[in-house]
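Enquirer: These are the residues of each chain, in order.
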Amino acid sequence: MSLLRLVPRQLLRHPLRTLLTIGSLTVAIFLLCILRSLVTTLDATATTARNDRLWVQSAVSLFVGMPAWYPDRIAQVDGVQSVARWQWFGGYYQDPSNFFAQFAVDPQKVVDMYPELVVVEGSADAFVAGRNCCMIGRGIANDFGWKVGDIAPITGALFPHPDGADKAWELEVAAIYEPGARNFDDRTLFFHWKLFEETLTTPENSPGVGAMVVRVKDDVDPSLVMGAVDDLFMDGPQRVQTTTESEFQAQFVSMFGNIPFFVSAIGGGVLAAVLLACINTMLMAAREQRREVGVLKALGFSDAKVGSVLLMQSLFLTLVGGGMGMLLSKGIEPSVVAATSSFMPGFLIERETYLMAFIITVLAGVLAGLLPAWSTRKLTVVAALGARD
Amino acid sequence: MRPGDTDVAHEGPGVSSRVMGAGRSGTLHQASPQEWSCDGGFATLCWALYFHESGSQGPDASNPETRAHSMNEGILLQGVTKTYSRGGEELRVLDNLDLTMDEGRFYALMGPSGSGKTTLLNLVGGLDLPDSGSVQVAGQDIRSLRGAALSAWRARSVGFVFQGFNLIPVLSALENVALPLALTPLSRKERRQHALAALDLVDLGDRAGHRPGQLSGGQEQRVAIARAIVTDPKVLLCDEPTGDLDRAAADQVLALLQRLNGEMKKTVLMVTHDAAAAARAQRIVHLDKGRLGSIEEVQAEQAAGAKP
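Sequences listed follow chains G and U, in order.
Note that the working numbering numbers the first sequence so that position 321 is 329, with each residue one more than the last.
Note that the working numbering numbers the second sequence so that position 2 is 46, with each residue one more than the last.
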C-alpha cells in the first residue's frame, strides 16, 4: 500500500466537489488556450506578413476607392517591381449567410507575389489563363463541395452583375490552394481583375481600385518606396497611404481595439478565480483529512511525506482539469478556425500555448496545494488527532 | 541453538524471532533496518507458527536475568513533566512523574479525566515530547530523537490503537493494515502477505476487501489492532480501545490484546476508564492529577475471568 494510492482515493471521497473543481479548471484552461491563441494568431498574421510587399490604400479610408490609373503611375516609381490591384468584392454564394472573402486581383501578379498560396488542385497557370477562372481556398471547396472545373456562382452585394442584381457572377474553379503561412486563411476566392473591370465598365463609369500591393525590388529599401508613393499623390487627386504589409495587417487588427490586452485580462481573471477555488478545495480537503494526517504521522510517516500527499492531491486535481482543458481546446480548434476565418485567418493553438497552459496547470496545482501541505506538515500528531486527556 | 529448535529467520519487518519449537517460550530482538527482509509466504507461515507455537507466558519476572533485560527494554519515565497552555493558563498535566513498566507486560492506565493518561501515552509513543524528564522506550531515549528519526522510530517500535479506530475510510481493511509497511523495504507482494497474515490473526481475513464503513465497530478496532502489530513493534499503545464498543466487541478486543501480550510478548499499555477492562491487564497504573497514584497487580485468575 503506497501513499500514492491515497491521492485519487481522497479526491474521490467527495466526487461532486472534485468533479466541479476539475470542471472549473477544464473551462479555465480551455479559455486560456483559446484566448491566448486569438492573441498569437493576430500577432502571427502581422509577423508573417512580408516587408517587401507594400499596401497602398486611400488616405481617407480603406473603403474609399482610388482612380484606376494609379497603379500605372506607381509602377513607374524607382524600386517598384510590380503592382497588383486588389478589390474587395463582398459577394456571397446563394445566401448572404454563405459569406466569405472574394477579391478581384491581377492573377499573374498575385500568384507571383504570394508564394504562400500553395495550389494543391488544378493549376495556377489555368487560373491565370482563363478570364472567367478563379482560385479558391480548400475551406470553401470543402464547404460548398466545389471541385476544379465547377462553376462558382457568386452574387455581388457590393458589385451587382450588370445584367441584374439577382444574376450571379459565374466563375470557373481553376485552382484550389492551401495557405503556406498564417497570413492567409483557406476561405478566400480570387478572380480576374479583367473580368471585374470589363463587366462593370460602362461608357459613363469604370470601377476604381480598392487597394494595391506593391512588390519592392530585392535590393531596395521599402521605406524609400513608401515615401515616394505617398509623395506621388500628395497634391491629389486623392492622397494615398502606403504601409508595409505587416503594418497593414496590424492596422487591420487594431480595428478590433486592444484585443490582446482585453483577451489576456479575461483569461487572467478567469484563471485567478479558478486558482482561488482550487485553494479553497484543497483547504477543505486538508481540514477533512486532519485526523488521518495524525494517524499517518503516528504510524511513522514523516511530516514531509504526509504533506506531500496533500500537494499531490492538488497536482492531480489541476493536471486532470488542465489536461482535459487542453484536450477540449484541441478538439474545438477546427470549429474556432471555421468561425474566425473570415476576420482572423490562420487560427492555431500553438505548441507554446499548450506548454504555457501546462506550466500554469502545474503552478496552479503547486500554489493550491502549498498552503494545505505546509500546514499539514507543521501540524503536530497530538493536534491532528485531537487527542489530549 | 539446541537441536530441535526452529530457527525462524524472519517473522515481520523490524524483528527476527527465534521460535523454540518445544520450549514454549521465545525471545525477540530488535533488528537493525539493514536486517529487514522477508521471504513472503515463509514469513506468513512464521506468523502462524509463532502465534501457535510460542509460549503464552510473558517473561518470567522472577528470573533476575529476564527482569534486568525487561527493565532495559520496557518503558521508563523519570521526572517527566508536561505542561499545556489553555486559554492563557498553564496547565501541568504530568508533574515530575517517575514510572517503570516492564517489557512484555500488559498495563492498564486508569485515572479520572484530566489526570494525564493520554498525555502519558502520547509521550511514550513519541507523539509528544516532555517539557522535562526522560522517556525511554525499549531502550531508546525518545528525547534524543527529532523529526524523521522520531517518525522512523515510531514506525519500528510502537503500534497505536485509538478509541475511534482511526482507520483511513477510503482504504480497504487490507490496505489500512498494509499502510505502515509502506515504510519498510518489503516488496508489494510481501506487504500484502504480511497484512493478510495480520488480518488472519485478528480473524478478519475474510474482510480484507471491506472498507471501514462496511465493518462493525468491533471489526474496525480489530483491523486497527492488525495495523498496529503488522510491523511487529515491541510496544502497543491503546487509548481507550474499547471505549466505543459494546460489551461483546470489547471482550473480543481485550482478549486479542491479552493474546498479543501473552503469545507475542508485546508490552501493552492501555488507557481505560473501564475497571473491568483494566482487570484484563496484568498491572493497573493509577494516575491522579499528573502524579503516580498506585500500581496494582492483577491476579491471573482475575484477569482471565474479567469481563468488561
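Keep in mind that a hint or two might mislead.
Just some of the chain U residues that point at chain G, by a computed CB distance under 10 angstroms [to be verified]:
id	residue
1	Phe206
2	Glu219
3	Lys233
Treat the hints as calculated values from the structure; they're not laboratory data.
Where is the CB? At the ideal position from N, CA and C, for every residue including glycine.
Enquirer: Would you mind marking each hint as holding or not holding in the structure?
Expert: Do the hints match the structure? See the list:
Look at Phe206 (chain U): its Cβ gets to within about 7 angstroms of chain G, closer than 10 angstroms, so that hint holds up. Using the Cβ-Cβ criterion of 10 angstroms, the hint placing Glu219 (chain U) at the interface with chain G is satisfied: the shortest such distance is roughly 5 angstroms. Here the hint on Lys233 (chain U) is broken, as its CB sits about 12 angstroms from the closest CB of chain G, past 10 angstroms.
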